[in-house]
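Novice: Now for the letters of each chain:
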Amino acid sequence: MPTLSNIAYLVSSALFILGLKNLSSPKTARTGNVLAMSGMLLAVLVTLLDKQIVDFTHIVAGVVVGSFVGVWVARKVSMTAMPQTVAVFNGFGGAASALVAMAEYVRMKSHPQGFEILTLVLGVLVGTLTLTGSLIAFGKLQGLVSGKPLVFPLQKTINALLLLVILGLGALFFSAPEDSVYLYTVCGLSAVLGVLLVMPIGGADMPVVISLLNSYSGLAASMTGFVMSNNVLIISGALVGASGLILTHIMCKAMNRSLTNVLFGAVGTGDESGFGGTDVGDRRVVGYTPDDVVVMLDSAQSVIIVPGYGLAVAQAQHVTAEMASILMQNGVRVRYAIHPVAGRMPGHMNVLLADANVAYDQLFEMDAINEDFKETDVVLVLGANDVVNPAARSKKDSPLYGMPILNVDQAKTVVICKRSLRPGFAGEDNELFYASNAMMVFGDAKDTLGKIVQLLKAA
Amino acid sequence: MPTLSNIAYLVSSALFILGLKNLSSPKTARTGNVLAMSGMLLAVLVTLLDKQIVDFTHIVAGVVVGSFVGVWVARKVSMTAMPQTVAVFNGFGGAASALVAMAEYVRMKSHPQGFEILTLVLGVLVGTLTLTGSLIAFGKLQGLVSGKPLVFPLQKTINALLLLVILGLGALFFSAPEDSVYLYTVCGLSAVLGVLLVMPIGGADMPVVISLLNSYSGLAASMTGFVMSNNVLIISGALVGASGLILTHIMCKAMNRSLTNVLFGAVGTGDESGFGGTDVGDRRVVGYTPDDVVVMLDSAQSVIIVPGYGLAVAQAQHVTAEMASILMQNGVRVRYAIHPVAGRMPGHMNVLLADANVAYDQLFEMDAINEDFKETDVVLVLGANDVVNPAARSKKDSPLYGMPILNVDQAKTVVICKRSLRPGFAGEDNELFYASNAMMVFGDAKDTLGKIVQLLKAA
Amino acid sequence: MGELLVSVYVFVLAIFVGFEVITKVPPLLHTPLMSGSNAVSGITVVGALISAGAGHSELATWLGVAAVVLATINVVGGFLVTDRMLHMFRKDKTTR
Amino acid sequence: MGELLVSVYVFVLAIFVGFEVITKVPPLLHTPLMSGSNAVSGITVVGALISAGAGHSELATWLGVAAVVLATINVVGGFLVTDRMLHMFRKDKTTR
Ligand SMILES: NC(=O)c1ccc[n+]([C@@H]2O[C@H](COP(=O)([O-])OP(=O)(O)OC[C@H]3O[C@@H](n4cnc5c(N)ncnc54)[C@H](OP(=O)(O)O)[C@@H]3O)[C@@H](O)[C@H]2O)c1
Ligand SMILES: NC(=O)c1ccc[n+]([C@@H]2O[C@H](COP(=O)([O-])OP(=O)(O)OC[C@H]3O[C@@H](n4cnc5c(N)ncnc54)[C@H](OP(=O)(O)O)[C@@H]3O)[C@@H](O)[C@H]2O)c1
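Residue numbers (the working numbering), protein chains in the order written: chain A, 1 to 459; chain B, 1001 to 1459; chain C, 2001 to 2096; chain D, 3001 to 3096.
Hints may contain errors.
[Unchecked claim] If you anchor each label on the Cβ, the simulated ranges turn out as follows:
(1) 1375/B with 437/A: 34 to 44 Å
(2) 118/A with 1031/B: 55 to 65 Å
(3) 1064/B with 176/A: 53 to 63 Å
(4) 371/A with 1078/B: 28 to 38 Å
(5) 56/A with 1159/B: 51 to 61 Å
(6) 3062/D with 111/A: 45 to 55 Å
(7) 458/A with 1394/B: 34 to 44 Å
[To be verified] The calculated lysine to any residue pairs, modelled on SDA-like cross-linking and capped at a C-alpha distance of 20 Å, are:
(8) 3024/D with 365/A
(9) 2024/C with 395/A
(10) 3024/D with 1436/B
(11) 1076/B with 3088/D
(12) 2024/C with 3026/D
(13) 3024/D with 1156/B
(14) 1253/B with 3087/D
(15) 2024/C with 364/A
(16) 3024/D with 25/A
(17) 1253/B with 3026/D
(18) 3024/D with 1072/B
(19) 2024/C with 412/A
(20) 76/A with 2024/C
(21) 1156/B with 1189/B
(22) 2024/C with 375/A
(23) 27/A with 3023/D
(24) 3024/D with 1374/B
(25) 1027/B with 3087/D
(26) 3024/D with 1076/B
(27) 3024/D with 1031/B
(28) 1076/B with 3084/D
(29) 395/A with 175/A
(30) 253/A with 2054/C
(31) 3024/D with 2087/C
(32) 1027/B with 3083/D
(33) 1374/B with 1436/B
(34) 1027/B with 3005/D
(35) 1027/B with 3054/D
(36) 51/A with 3005/D
(37) 1027/B with 3008/D
(38) 253/A with 2012/C
(39) 2024/C with 366/A
(40) 412/A with 361/A
Simulated from the structure, these hints should not be mistaken for laboratory data. Beta carbons: idealized from backbone N, C-alpha and C, even for Gly.
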């Protein structure tokens, strides 16, 4: 390969590094994306100009089709469907790596040997597993596959056995590299493994799974790079592999969970919350009405809105924004408090509220607003649950224990809009509902808020 | 070169990376040093076992002599002489790189060409410059050369011209690589350049200069690696080059200066402070006596000691520790407040006080203790000046402006022990001396403290 | 140094860079960062282009073309989606 | 890939690692870190060993031997001094 291409590949690797670095900080994120894009463009152009490529017809067709589909999906997809979209893209990337590895095998003049075989097998294994795992993740998030963790006996044992079989086949392939059947079987079994690994994970944990699979697809690209002795593949793949692992770790930490717990804990339903929720026997909760809420709001000077997953389920973001603007016209100070893991994906609430054109500077991160609850008249908890659950502070055996929560209980009045007393994602009952300053308003968030808006307008 | 050596080199590079990473955090620093050491040992062993080496006698002699000198110096040198010791070591490293580059040139079978010449010239230039620059830095810190910035007209222009001449010679060498005279002239002129670059920098800024030269010597090693196609040289050199730059930057930031200001600003005398200090005309300052201080101390319940560069000059660390232990026996709470840039090198005060056996847990970093001054009865400022100068808060045109300082002025009484009203390193008058709660005690810190100790013992 | 050894060197160094480059990411950026790095992992498109265009056997070419399509979707879709998300998080809403 | 190109790749990646690896160092550790990384830059001892031992011309050998001496001082002295400094900063003074 000519020196010039290799230098260009180095430049594009550097652009990827700078891109990822910038992407991880809010101020520079867009620049980061542009840098990474330029890196990719450069790598592709250089590859096309390289002497190795003799036939352009197929390529052009492939690139055109791929670009068309990519643009179309990226344009069409709704903001809240982002995680599953990323999952599918990621799966495609993994599949491509597996395909390239197989194509390389096919076109090799001599039979592969030694380390080459190892990287071939790993490339196919990781690539295929990424594809099927990502597709299942997509299915769970899109509601095509049940979001419930699918648990069956001996699950981990079976997965471990399957992996062993795959590696065994790899070893056989090592001794008979001319026998392509081994490689294809590895491919098939890896596909099964991908499905089995992701099925037992709850739908709401899918963002973490996708991030992990993303890291895998990076490694698959790296393996392909080894097979082809192509440095830009090796570098970018390793880059994504390692940084993806770190990101996965950071995501787990933000949820106060370990990666093991996410992968094997079978936590969460992904469907609406609260299977197994229990109404706490002897305690009573009064159900208030929207009228009661409006009375409280009329005398309030400061209001903080705490959105949660339920607001997304009810698609009540627009009516929430409407209510907020009426309150602001009445001279009330209205702010939104965004918990880092509210909703089902990172940034879920920001995306949701941006969709309803809520100005960015009304949104406050937990740390910026948590001190202000105690001076607030009314807090509206809309379809949020875990992120305001005091069990996180005190109940040692709770899955929430240790997670910082929004201190809504310190406000004068806490209005909670949800459909029942059932727990949220973590399956933990919420003491807040029984607090003396709490007002439960049962019902779908969109309905409740709609009524509140009507009453406010009428007043 | 055999594959095995190269793998070992990779491992030792990884050990260097992990070593540096660990060295940058207090908890893991010692581990980091051990990791880096093992990396070095591995690299040396592998090189010795490699087939390229045919003659061991010279090598063994060299290693034995070098180790002996290294161990001896490292044992003998006093803690406060650390920066200049590092400077010398660093200079030797640079010199070694330059020598190796020249040896490679001599032993090359064919004349070097293209890129090889570039790396040869750069290796010699950077290596030699590092040697002489480091030696000047050593001289300034050790007091062999005047610590004052040596400024002469057209300095920067002359340096720039010299660099141009060197690069020009490099170009000539490029066209006539068989002519070794060019390379040797580059070497000589680089030595001069190193001297000229460091002379105009004040003695107290030497730690920053050493860090920068350290980064250079890393780059010189890297260049040598290019000449020899040796990856462990390239990697470790680049590692030190880049991380040294970052460290230099961090050090400048801790002093609230820019690197340009350090290199070309000609700030600081390096000798005792205060040339050009002015007694502020019409204002009066009462000089208190050690007796007055003891009266204050007798009624105090909490005392914070703020050591500065003057304490090191007076070598008053032992008597300070003695005074502190008497006070503690009398039931007074005594703590030390350590400003990050107190003294003339990073960690200067820690080293000084450790020398007097002050327990580590009595030392508090600025952020940990700054809130406590306002509840403190007596603060003893011993030979410190800039680090307690309120000009850093308010006086926009001061070189100190923006540096966080110790809030000693919030204490009930501030005792300041120094010899005069002259300013400290930054040359900025100190308003604190005129504050209503300030007590100036003029005189050498060791004398003053000695008297205080006697009086305390007598009581 | 052998081809393979070079690959190993490059791989190890890139792994170190990858581990270091991401330090503290606020949850808000988790999804964009994930999707951005996912797009980067679509670099496999380079391999796909070579497989598809090197003009070897029919089978290799078709495997390559399939890979080109999938990888291109990954790259193009990934970067666009990331950009859309980041656009959403901007303070200044006037350009929407 | 040519020898030189490999070197460039390795160099660039190592530069990135170097820039990333050091993030926030408290002033207390500035001097030890400086001295530790200074010891690492003594890696040039590897080059010196090869120059001194490869058995070429007299001149090359002597240049090499001088380099071995200087680089060894740098490495051995550097690591020992760093260790001494770090020892000083330990909380527990009992071993002094
Ligand atoms: N953000 C992320 O990246 C992420 C990723 C994975 C997991 N998680 C987890 O998800 C949880 C997020 O906490 P959260 O407080 O936002 O949500 P949550 O704890 O899951 O609670 C959501 C609540 O919304 C209510 N709800 C559902 N549909 C509703 C409707 N139509 N109208 C009104 N209310 C409705 C539900 O109560 P009813 O059934 O009584 O209505 C439910 O309790 C955390 O445990 C977090 O760890 C987050
Ligand atoms: N730590 C580092 O890494 C580093 C490196 C480079 C520069 N610096 C700079 O050095 C300064 C350090 O601040 P600092 O407050 O520690 O020192 P300083 O501002 O330089 O003040 C030291 C004071 O000690 C007094 N002094 C000198 N000899 C004395 C003696 N024998 N007995 C009693 N007092 C004596 C001097 O006043 P009299 O002459 O009146 O006695 C002088 O004002 C900062 O400006 C910092 O930026 C620090």
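Novice: Could you run down the list of hints and mark each one as holding or not?
Specialist: Now for the hints, and whether the structure bears them out:
1. Distance hint check for residue 1375/B and residue 437/A: the Cβ-Cβ separation is about 36 Å, which falls inside the suggested range of 34 to 44 Å.
2. A beta carbon spacing of about 33 Å between residue 118/A and residue 1031/B contradicts the range 55 to 65 Å that was offered as a hint.
3. About 55 Å separates the C-beta atoms of residue 1064/B and residue 176/A, a value consistent with the hinted range of 53 to 63 Å.
4. Distance hint check: the CB atoms of residue 371/A and residue 1078/B are about 50 Å apart, inconsistent with the given range 28 to 38 Å.
5. At roughly 55 Å, the beta-carbon separation of residue 56/A and residue 1159/B lies within the given 51 to 61 Å, and the hint holds.
6. A C-beta distance of roughly 52 Å is found between residue 3062/D and residue 111/A, which places it inside the suggested range of 45 to 55 Å.
7. The beta-carbon spacing between residue 458/A and residue 1394/B, approximately 57 Å, falls outside the hinted interval of 34 to 44 Å.
8. Proximity of residue 3024/D to residue 365/A is assessed by CA-CA distance (about 25 Å); at most 20 Å being required, the pair is judged violated.
9. Only pairs whose Cα atoms come within 20 Å are accepted, and residue 2024/C paired with residue 395/A is rejected, the gap being roughly 28 Å.
10. Note on residue 3024/D and residue 1436/B: the hinted pairing is violated, with a Cα-Cα distance of about 39 Å set against a maximum of 20 Å.
11. Distance restraint check for residue 1076/B and residue 3088/D: the Cα-Cα separation of roughly 15 Å lies within the 20 Å cut-off, and the hinted pair is therefore satisfied.
12. Among the hinted pairs, residue 2024/C with residue 3026/D is consistent with the structure: their alpha-carbon atoms are about 19 Å apart, no more than 20 Å.
13. Note on residue 3024/D and residue 1156/B: the hinted pairing is violated, with a Cα-Cα distance of about 32 Å set against a maximum of 20 Å.
14. For the hint pairing residue 1253/B with residue 3087/D, the CA-to-CA distance comes to about 26 Å; that exceeds 20 Å, so the pair is violated.
15. In summary, the hint linking residue 2024/C to residue 364/A is supported, as the alpha carbons are separated by about 19 Å, within the 20 Å threshold.
16. With a CA separation close to 17 Å, the supplied pair residue 3024/D and residue 25/A stays within the 20 Å bound.
17. Restraint check for residue 1253/B and residue 3026/D: satisfied, since their Cα atoms lie roughly 11 Å apart, inside the 20 Å limit.
18. This hinted pair does not check out: residue 3024/D and residue 1072/B have alpha carbons roughly 33 Å apart, beyond 20 Å.
19. Between residue 2024/C and residue 412/A, the direct Cα distance comes to roughly 35 Å. Violation of the 20 Å bound is thereby established for this hinted pair.
20. In summary, the hint linking residue 76/A to residue 2024/C is not supported, as the alpha carbons are separated by about 31 Å, beyond the 20 Å threshold.
21. At roughly 16 Å between alpha-carbon atoms, residue 1156/B and residue 1189/B fall within 20 Å of each other, so this suggested pair holds.
22. For the suggested pair residue 2024/C and residue 375/A, the alpha carbons sit about 31 Å apart, so the restraint of at most 20 Å is broken.
23. About 19 Å separates the Cα atoms of residue 27/A and residue 3023/D, which keeps this hinted pair within 20 Å; it holds.
24. A C-alpha spacing of about 29 Å is found between residue 3024/D and residue 1374/B, which places the hinted pair above 20 Å, so the restraint is violated.
25. The hinted pair formed by residue 1027/B and residue 3087/D meets the criterion: a straight-line CA distance of about 12 Å does not exceed 20 Å.
26. Restraint check for residue 3024/D and residue 1076/B: the C-alpha separation of about 31 Å exceeds 20 Å, so the hint is violated.
27. Pair hint residue 3024/D plus residue 1031/B holds up; C-alpha atoms about 18 Å apart against a cutoff of 20 Å.
28. This hinted pair checks out: residue 1076/B and residue 3084/D have alpha carbons roughly 11 Å apart, not beyond 20 Å.
29. This hinted pair does not check out: residue 395/A and residue 175/A have alpha carbons roughly 57 Å apart, beyond 20 Å.
30. A distance of roughly 45 Å separates the Cα atoms of residue 253/A and residue 2054/C; the hinted pair therefore is violated under the 20 Å criterion.
31. Distance hint between residue 3024/D and residue 2087/C is unfulfilled; the C-alpha atoms sit about 31 Å from each other, more than 20 Å.
32. Simply put, residue 1027/B and residue 3083/D have alpha-carbon atoms about 14 Å apart, close enough for the 20 Å limit, and the pair holds.
33. Restraint check for residue 1374/B and residue 1436/B: the C-alpha separation of about 15 Å stays at or below 20 Å, so the hint holds.
34. For the proposed pair residue 1027/B and residue 3005/D, the alpha carbon gap of about 39 Å is over 20 Å, so the pair is violated.
35. Proposed proximity of residue 1027/B and residue 3054/D is contradicted: the alpha carbons are some 42 Å apart, above 20 Å.
36. For the hint linking residue 51/A to residue 3005/D, the alpha-carbon distance of about 19 Å falls within 20 Å, and the restraint holds.
37. Between the alpha carbons of residue 1027/B and residue 3008/D the distance comes to roughly 35 Å, so the proposed pair goes past 20 Å and is violated.
38. The straight-line distance between the Cα atoms of residue 253/A and residue 2012/C is roughly 26 Å, outside the 20 Å bound, and the hint therefore fails.
39. As the CA atoms of residue 2024/C and residue 366/A are separated by approximately 17 Å, the hinted pair is consistent with the 20 Å bound.
40. Restraint check for residue 412/A and residue 361/A: not satisfied, since their Cα atoms lie roughly 24 Å apart, outside the 20 Å limit.
Of the numbered hints stated above, those contradicted by the structure are hints 2, 4, 7, 8, 9, 10, 13, 14, 18, 19, 20, 22, 24, 26, 29, 30, 31, 34, 35, 37, 38, 40, listed in ascending order.
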